[in-house]
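Protein sequences appear in the order of chains U and R. Here the working numbering is used: the first residue of the first sequence is 179, the next is one more, and so on. Here the working numbering is used: the first residue of the second sequence is 192, the next is one more, and so on.
Don't read these hints as lab results, they were simulated from the structure. All values reported here derive from a predicted model rather than from experimental measurement. Glycine included, each C-beta is placed from N, C-alpha and C at the ideal position. Accuracy of the hints is not assured; some may be wrong.
[As the list claims (entries may be wrong)] Per the computed footprint, the stretches of chain R lying under chain U, defined by three or more beta-carbons under 8 Å from a beta-carbon of chain U, are: (1) 201-212; (2) 215-221; (3) 225-233.
[Claimed, not checked] Listed below are the simulated DSBU-like cross-link pairs for lysine-lysine, each with C-alpha atoms no more than 35 Å apart in a straight line: (4) Lys371/U x Lys200/U; (5) Lys221/R x Lys191/U; (6) Lys222/R x Lys371/U; (7) Lys371/U x Lys220/R; (8) Lys191/U x Lys371/U; (9) Lys200/U x Lys406/U; (10) Lys200/U x Lys428/U; (11) Lys347/U x Lys191/U; (12) Lys200/U x Lys221/R; (13) Lys371/U x Lys221/R; (14) Lys221/R x Lys347/U; (15) Lys222/R x Lys406/U; (16) Lys347/U x Lys371/U; (17) Lys371/U x Lys428/U; (18) Lys406/U x Lys428/U; (19) Lys347/U x Lys222/R; (20) Lys222/R x Lys191/U; (21) Lys347/U x Lys406/U; (22) Lys200/U x Lys347/U; (23) Lys222/R x Lys200/U; (24) Lys220/R x Lys200/U; (25) Lys221/R x Lys428/U.
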Amino acid sequence: MTIEKTIDNPPRKNALVLFIHKLGSPAYFYTFAGRFIPWFWAIFLVLTAIGMYQAFFVVPADYQQGQSFRIMYLHVPAAWMSMLAYVIMAVLGFIALVWRIRVVEILAMSCAPVGAAFTAATLIAGSLWGRPTWGTYWVWDARLTSELVLLFLYLGVIGLHNAIDEPRKAARAACLLALVGAVNLPIIHYSVKWWNTLHQGSSISLLGGSSIDSSMLWPLLIMSIAVKFYFGANLLTRARVRLLEQDLRKSWVRDVVREGR
Amino acid sequence: MDHTPFIAGAYGIGAVILLWTALSPLLRKKKITQDIRRLIELEERSGDAKT
């Protein structure tokens, strides 16, 4: 193809690619994300209300653990979310490092505080579940320790990001740390198989069937979907705030503030 | 053994953590928005003074 022909007929980009390019614009992303946040919160609240009602008033007590097993409806969704948040952060971190998209850097860095919150909630709820079940709040068991390492990784990413003044350099350094830390994810997942742990093995499997009764499983699935919407709403809110902070002097931010969006 | 304090503690602490994580970016946004408003006002005032 000659240069003249290329100029006359520029290669057509498909709609998805164009949309992704558009999302890379901070002003467009800010408006786009803002549309989803209220819906995500609403879905989270509705699903949490249904899940919690079932967990506390419909599901019977466990025949071995009694009432304490109800902590599972917080502990397990939070634990899954703590790992998924890290996966999302690492994938976004990789994209940010390779393609240097500022919005993606901001999204990756916004995952860390939410992921850390879920990890802390997992550890605390698990500890309070462990006392009546195992007779102890904490053991240096492979699953518990690797989940604690996950919390430290999140804190490390947050700390490194805050330690460097230039926002883009800070994001790149923290994205690199996030990528390196991803090695901990299979360790958490397989810890109960690789080592002899006090923490129980998986009761739920996507492929091999679940050992948990369906009456107990449904509220758990509802709660785990609910926390995904919490994560989505929180992530987008944080990303929008970081964009405002970084683009303080840009005209689109002034327009946003004047219009009260 | 009464399990109620453990269940209440887990959900109570979990709720506080998740509530704070949800509220903190909103508080930050409020502060940044106020700063930007102040900045716009200052710039407008200095613009008026020049003209």
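We went through each hint and held it up to the structure:
| no. | hint | verdict |
| --- | --- | --- |
| 1 | 201-212 | holds (count 8) |
| 2 | 215-221 | holds (count 5) |
| 3 | 225-233 | holds (count 5) |
| 4 | Lys371/U x Lys200/U | 44 Å, violated |
| 5 | Lys221/R x Lys191/U | 39 Å, violated |
| 6 | Lys222/R x Lys371/U | 48 Å, violated |
| 7 | Lys371/U x Lys220/R | 44 Å, violated |
| 8 | Lys191/U x Lys371/U | 47 Å, violated |
| 9 | Lys200/U x Lys406/U | 25 Å, holds |
| 10 | Lys200/U x Lys428/U | 18 Å, holds |
| 11 | Lys347/U x Lys191/U | 31 Å, holds |
| 12 | Lys200/U x Lys221/R | 27 Å, holds |
| 13 | Lys371/U x Lys221/R | 47 Å, violated |
| 14 | Lys221/R x Lys347/U | 26 Å, holds |
| 15 | Lys222/R x Lys406/U | 27 Å, holds |
| 16 | Lys347/U x Lys371/U | 39 Å, violated |
| 17 | Lys371/U x Lys428/U | 52 Å, violated |
| 18 | Lys406/U x Lys428/U | 32 Å, holds |
| 19 | Lys347/U x Lys222/R | 25 Å, holds |
| 20 | Lys222/R x Lys191/U | 40 Å, violated |
| 21 | Lys347/U x Lys406/U | 29 Å, holds |
| 22 | Lys200/U x Lys347/U | 23 Å, holds |
| 23 | Lys222/R x Lys200/U | 28 Å, holds |
| 24 | Lys220/R x Lys200/U | 24 Å, holds |
| 25 | Lys221/R x Lys428/U | 18 Å, holds |
The structure shown violates the earlier hints numbered 4, 5, 6, 7, 8, 13, 16, 17, 20.
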